[in-house]
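A.B. asks: Reconstruct the complex from the two isolated chains, following the hints.
For the protein sequence lines, the chains are Y and E, in the order given. Everything in the first sequence is counted per the working numbering, starting at 113 for the first residue and increasing by one. Everything in the second sequence is counted per the working numbering, starting at 640 for the first residue and increasing by one.
Treat the hints with caution; some may be incorrect.
As the list claims (entries may be wrong) - Derived coverage of chain E by chain Y (criterion: at least 3 residues anywhere in the stretch with Cβ under 8 Å from a Cβ of chain Y; other residues may be distant):
#, stretch
1, 650–660
2, 746–752
Said to hold, decoys possible - Facing chain E, from chain Y, some residues (calculated, C-beta under 8 Å):
#, residue
3, 143
4, 147
5, 210
6, 228
7, 315
In short, the hints are calculated from the structure, not lab data. The C-beta atom is built at its ideal place from N, Cα and C for all residues, glycine as well.
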Amino acid sequence: MNPFEFEFMQRAFVACAVIAAVAPLVGGFIVQRGQSLVGDGMGHVAFAGVGLAFLVGAEPVLGALAFTALAGLLLVRMGRAGLAGDLAIALIFYGGIAVGYLLSSRADAGQTRLVGLLFGSPLNLTWSEVGIIVALSATVVAVTVALYPRLVAMAFDEQAARVAGVPTDRMTLALTLMVALVVVGGMSSIGLLLISAMMVVPVAAAAQLASSYKGALGLASAVGAASAVLGLLAAHYRDYAPGSAIVLVAIACYAVATAWRSLTRRAAA
Amino acid sequence: MPAPAPVCPLELDAVSFGYNRGLVLCDVSLSVGQGEFVAVVGPNGSGKTTLMKLGLGLLAPGAGQVRLFGEDVTSFRRWWQVGYVPQRAAARSALPVSVEEVVLSGLAARARPFRRRSPEATARIEHVVELLGLEGLRRSRLAELSGGQQQRALIARALVTAPRLLVLDEPTTGVDAGARTVLRGSLQHLVEVEGMAVVYVSHDPEGFSGLAQRVVEVDGGGIRVRDERPAPRSVATG
Numbered sequence: 113m114n115p116f117e118f119e120f121m122q123r124a125f126v127a128c129a130v131i132a133a134v135a136p137l138v139g140g141f142i143v144q145r146g147q148s149l150v151g152d153g154m155g156h157v158a159f160a161g162v163g164l165a166f167l168v169g170a171e172p173v174l175g176a177l178a179f180t181a182l183a184g185l186l187l188v189r190m191g192r193a194g195l196a197g198d199l200a201i202a203l204i205f206y207g208g209i210a211v212g213y214l215l216s217s218r219a220d221a222g223q224t225r226l227v228g229l230l231f232g233s234p235l236n237l238t239w240s241e242v243g244i245i246v247a248l249s250a251t252v253v254a255v256t257v258a259l260y261p262r263l264v265a266m267a268f269d270e271q272a273a274r275v276a277g278v279p280t281d282r283m284t285l286a287l288t289l290m291v292a293l294v295v296v297g298g299m300s301s302i303g304l305l306l307i308s309a310m311m312v313v314p315v316a317a318a319a320q321l322a323s324s325y326k327g328a329l330g331l332a333s334a335v336g337a338a339s340a341v342l343g344l345l346a347a348h349y350r351d352y353a354p355g356s357a358i359v360l361v362a363i364a365c366y367a368v369a370t371a372w373r374s375l376t377r378r379a380a381a
Numbered sequence: 640m641p642a643p644a645p646v647c648p649l650e651l652d653a654v655s656f657g658y659n660r661g662l663v664l665c666d667v668s669l670s671v672g673q674g675e676f677v678a679v680v681g682p683n684g685s686g687k688t689t690l691m692k693l694g695l696g697l698l699a700p701g702a703g704q705v706r707l708f709g710e711d712v713t714s715f716r717r718w719w720q721v722g723y724v725p726q727r728a729a730a731r732s733a734l735p736v737s738v739e740e741v742v743l744s745g746l747a748a749r750a751r752p753f754r755r756r757s758p759e760a761t762a763r764i765e766h767v768v769e770l771l772g773l774e775g776l777r778r779s780r781l782a783e784l785s786g787g788q789q790q791r792a793l794i795a796r797a798l799v800t801a802p803r804l805l806v807l808d809e810p811t812t813g814v815d816a817g818a819r820t821v822l823r824g825s826l827q828h829l830v831e832v833e834g835m836a837v838v839y840v841s842h843d844p845e846g847f848s849g850l851a852q853r854v855v856e857v858d859g860g861g862i863r864v865r866d867e868r869p870a871p872r873s874v875a876t877g
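Here chain E stands alone, though its shape is the one from the complex (with noise of 0.2 Å):
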C-alpha cells in the first residue's frame, strides 16, 4: 500500500486578490512543503505581505483556495500549528509589557478561563526562551529591548505553541549584524533540525540567503519561483 501524500502546511491555489485599485495578486498558486524555507520577496508594494496575509487566512481571496495542512483556511482551526511573527512596528504598545508576557500570548487561544498555567505550558515557555536566548530579559519592558532581542521575543511568541509551519514579516529590519547572525542560526535549527517549514518576506536578501530552498518573487500581480537548494521534503510547485 502506497504511503500516504505529505500534507502541504501551505497551498495557495489559483489565487486572486484585489483591493478597490485593482487586483494585486492574480491566479498564484504556491505550495511549501513540510522542513522547506521559501523566501518571498518583491518590491514595496508588490502584494508579498499580500500573499502572506493570504496564506493565514487573514484576508480572504477574491477567487482561488488557501489551504493549511490540508484544511481550507476558513474552517482551519488547528491553529497551535502556524507561528506569525508580524513587522516589529506591530509591537508598540501604549501599555508596558514584559518579554513574558509577550511569548506567553502565543499560548492565550489554548488558555482555559480561571485556570493556571500547565506544566507542559510553562516547560514550553521554558524552552522558548532558552532558544532564543532571552533567559536575563524575561521581566524586561519590550519597548526597553534592542530591535534584535524585541524580535527574538516576537519569534518566540510565535514557537511557543510548538508550530509546524512558522511565517515571518521583515524579521530583520531594525535588526542589527549580531541579531540577524542569532536569528539565522535559530531559523536554521528550525526547519533543519525539528524540520519547521519556514516563510520568510523580505525585502533583504542577506537574512535568507543560503538558508532559503526556494525564492518567490512577487511583481506585477504575479510570482516567480527560483529554486536556490535541494530542498528534499518539498513540495515545490509555482
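Just chain Y, with the same shape it has in the complex (with noise of 0.2 Å):
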C-alpha cells in the first residue's frame, strides 16, 4: 500500500523531513565546537519541562520550551563564570530527565505517551502539530542564515572570531536557543533521546565527503530529510518504531559515506 496516501504518513513525512533536514544546520556548528553531547542533554531537561506541564495541564511542547530555553540561558551563564564544567552540565541533565519522570509519573501521563515523547511518534500528529514543528524549524533556519558568518567563525575558533569582533557571548546564545528549537521541534516525531542524534550523525557522514562548510551543511541537511523519509517507509512496511528506523537510516549513511571516503581516498593514493 503506498504510505502516502494515507494522511496520518503525509503528516509525519512532513514533520520528520522538515524536523530533520534543520537538525544538521545546528549541529553543524555543535559538532565543531565538540558539544555534540548538548542537544542530548537538552533533551534530557526538555523532559522536565514536559512533565511540569503534566502535572500543570498545559501544552508539552510549551513547557519543553520554557526549561530548555532556561537551560541555555543557565548553561551560557555558567560558561562566562567558568563553571561549565563537565559534571556542572551533567548535573543539570540528568536532574532534568530524573525530575522530568518524576513530575510525569506524579501526573499520571501513561507510560504510552511518555515513551512517544522519548522515543518519537510521528504517526500520532495532528497538523496543527506539524505547523508547530515547521514554524520552529523555519525559526532555526532564518537565525542560522542570518547569523551564518558569525557561527562559522565561532565554531571554527572562537578565539580569533573573538578577536575579530565576532560577539562571541551572544552566538554561544543564539547556538544555544537554537538546539533548545530544534530539539523541542522533533520531540513528538523523532523523539526527545533521538532527535539529538539527527543533529550528529548526518554532519557526520557529510564531512566525509563536503570540501567546504557550506557543502557539509547543506550535504548533511539533505541526509537528514532522506533518513526521515526512508526510516518512516522502513516504519511503515515493516512496523519499525519510526523514531529509532530514522536514525539508524542516518547512522547506515554516515557508514556508507566514511566506506565511500576510504574507497576514493585508496584509489587516489
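C.D. replies: In C-alpha cells, the structure reads:
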C-alpha cells in the first residue's frame, strides 16, 4: 500500500523530513565546537518541562520550550563564569530527566505517551502539531542564515572570532537556543532522546564527502531529510519504531559515506 | 601647534596576571608602535602567550591596563584594526572548511544579516589571497594542505580586514623552510610597505631574526626588552 495515500503518513513525512533537514544545520556548529552531546542533554532538560506541563495541564511543547530556553541561558551564564564544567552540565542534564519522570509519574501521564515523547511518535501527529514543528524549523533556518558568517567564524576558532569582533557570547546563546528549538521541534516526531542524533549523525556523514563548510551543512541537511523519509518508509512497511528507524538510516548513511571516502582515498593514493 | 603624539597600536601598562598557581606576569609594561616589529620570546610556560592574550583582551589582567590604539581593551570596538593568527593547532576542524571560507570568516563581524557580500569585501579577499599566494587553493580543504599553506590561510584571514596591528602566535611551528621564507617576505612587506605593527610570539628566533626591531624576552614573571635594529616609528619602552 502506498504510504503517501494516508493522511497520518503525510503528516509524519512533513514533520520528520522538515525537522531532520533542519537539525544538522544547528548540529554543524555544535559538532565543530566539540559539543556533540549538548542536544542530548537538552532533550533531558526538555523532559522536565514536559513533566511539569503534564502536572499542570499545559501543552508539553510549552513546558519543553520554557525549560530548554532556561537551561540554555543557564549554561551560557555558567560558561561565562567559568562554571560550565563537565560535572555541572551533567548535573543539569541528568537532573532534568529525573525531574521529568518524577513529575510525569505524579501527573499519571501514561507510559505510552511518555515513550512517544522520548522516542517519537510521528504517526500520531495532528496538523497543528506539524505546523508548530514547521514554524520552529523555519525560525531556526532564519536565524542560521542571518548569523551564518558569525556562527562559522566562532565554530571554527572562537578566540580568533572574538579578536575579529564577533560577539561570541551572544552567538553562543543564539546557538544554544537554536539547539533548544530543534529539540522541542523534534520531540513528538523523532523523540527527545533521538533528535540529538539527527543533529550529529548527518553532519558526521556529510563531513566525509564535502569539501567546504557550507557544502557539508547542505549535504547534512539532505542526509537528514532522506533518513527521515527512508526511516518512515521502513517503519510503514516493516513495522519498525519510526524514530529509531530514522536514526538507524542516518547511521547507515554515515557508514556508507565513511566507506566511500576510504575507497576514494585509496584509489587516489 | 605641535603634532599629536602617535597612538600606539598596543600598550600594556603595569599589567599583572596570575592563574591559580600564582602570578605569571608581574607589573609588565610594553608598548608597540605603528610600523614596529616586536618579537616575544621565552621558554615554554614563561607567559608569552598569556602576554599576547592580555594584549588582545582574551584574558583580563588582575592589575594594570591594556590599551589598543589608545582605547581601553574592554571598551575597544574597532576590532577590524587588529589581526590575530593563533597557533595552527587551533585550526583543526571536525568539519571540512575551504581556504576561502577561512579567509571569509575574518570578515564575519562586519557581515550584515541577509545581505550579500559587498564589492569592497570581495576585493579585500582577492587582495589577501593574492598577497599570500593562495589563488590556486581557494576551494581546497584546509585540513589537506601543508602546514605552511594552512598558516598562510590563517594569516590571510587575519589580514582581510586590513588591520594595523597583526599578532602571530608561533606562526612557524610545523612549517617547512620554503614556507618560512614566504612568510618572512610577507611580514617584511606588511611592516615596511604597509606600516603595520607586528607582534610575533615564538620560541624560534629564525622566524624573526633580521625583521624584529625589538625582542621581548618573557621569563620569571617579567620581561626584558632588547633593541635589535632601528625602529623609526616605534615607541620603545620596556
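A.B. asks: Would you mind marking each hint as holding or not holding in the structure?
C.D. replies: Against the structure, the hints come out as follows:
1. 650–660: With 0 residues close enough to chain Y, the hint is violated.
2. 746–752: With 6 residues close enough to chain Y, the hint holds.
3. 143: Hint holds; residue 143 of chain Y Cβ to chain E Cβ min 5 Å, cut 8 Å.
4. 147: Not OK, violated: residue 147 of chain Y not within 8 Å of chain E, min 11 Å.
5. 210: 31 Å, violated
6. 228: With a minimum Cβ separation of about 33 Å from chain E (threshold 8 Å), the hint on residue 228 of chain Y is violated.
7. 315: Because about 7 Å separates residue 315 of chain Y from the closest Cβ in chain E, which is inside the 8 Å limit, the hint holds.
Consistency note: the structure conflicts with the earlier hints numbered 1, 4, 5, 6.
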